[in-house]
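Participant: What follows is the residue order along each chain.
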Amino acid sequence: MGSGNFPGGGDRDRGGFGGGDRGGFGGGGFGGDDRGDRGGYGGGYRDREERGPMGPKARLRAKARKKARKQAKKMFNRRKVCRFCADSTIPIEYKDPKALKFFVSETGKLIPRRISGNCARHQRSVTVAVKRARQLALIPFTSSGI
Amino acid sequence: MREYETTFIVQPEISDEGREALCQKLDASLEKQGSVRLMLDDVGKRKLAYEIQKFQKGHYLTLNYLDDGRAVKEIERLLRLEESVLRFLTVQVADEVLDVEARKTEAAEQEKLRKQRAAERAARELEEERAREAADREARAARVPVPADDGEADDDDENDDEDEE
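If you read the protein sequences in the order shown, they are chains A and B.
If you read the first sequence in the numbering used here, its first letter stands for residue 1, the second for the next number, and so on.
If you read the second sequence in the numbering used here, its first letter stands for residue 1001, the second for the next number, and so on.
Next up, chain A with everything else stripped away, as it sits in the complex (with noise of 0.2 Å):
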């Protein structure tokens, strides 16, 4: 029992063996929810106890299971594709500000390219058609509580 059950390697961002801040060994450092998030391999750590050490298999399945993770977290955050680079006949033209207002937040700010999807280069003429616009009062500096 305690922390002979423990696989060394599986605490590796806590370092050394069930210890650490979660105090002590045995089940006590188990009990956490939060556990299976760090690290390691895979969840199921309120289990490990009673099934003794993980084996092999175990092992590969968690890998595979982390594996399958990670992809769909990278699916899920990368998908937009910059509409100027798709459909090339889109001019980017500062006396249009219907066009303008999708690269602007509804205070009149300009939307940061991570959330509009643009790419960097049309995310510059954007910039600029945005700040010409400005000037040209086709679009607010500010609009806030009108």
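Derived from the structure by calculation, the hints contain no laboratory data.
Hints may contain errors.
[What the hints assert, rightly or not] Here are the simulated SDA-like cross-link-like pairs (lysine to any residue), alpha carbons at most 25 Å apart as the crow flies:
1) A:Lys95 - B:Thr1062
2) B:Lys1073 - B:Ser1029
3) A:Lys95 - B:Lys1112
4) B:Lys1025 - B:Glu1111
5) A:Lys131 - A:Thr89
6) A:Lys131 - B:Glu1076
Go by the hints and put chain B onto chain A.
Facilitator: Just chain B now, kept in the frame of chain A:
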């Protein structure tokens, strides 16, 4: 030769003649400098996103021309001197226009098209204004109480918004 585009906003109350005179002044200046005037686009009156010199609306005009860069200074000087001009912005459209004549004819065609559209729009606006006046007169004849009048004024504003879009 480079192509430049100067957009300027004229006070909304200036008459058509006044605007015309200003445009002719600019044209004359361009000619004197030896640059090529391409086209003038009358965008029309539209609501300003923010107040400029207490004006809520402005008349937008865009002038395109080919030049080496000297005329820009002169044009901007003229616009700065003109009190009816609320704002102006010059933008370089093309760095090098090789075939001047081709660009000229192209611009002339564009100008024609835009003029047509501007005329149509002007006619529409005139009609709307007349309709509005007629409605006003009717309302006055019927002696509608004050709050109803306010409501009508709001309606007018909304109509204007639609025009811009």
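Participant: Each hint should be assessed against the structure and marked as holding or not.
Facilitator: Verification of the supplied hints:
no. : hint                  : result
1   : A:Lys95 - B:Thr1062   : holds (10 Å)
2   : B:Lys1073 - B:Ser1029 : holds (11 Å)
3   : A:Lys95 - B:Lys1112   : holds (19 Å)
4   : B:Lys1025 - B:Glu1111 : holds (19 Å)
5   : A:Lys131 - A:Thr89    : holds (22 Å)
6   : A:Lys131 - B:Glu1076  : holds (19 Å)
Every hint from the earlier list agrees with this structure, and none is contradicted.
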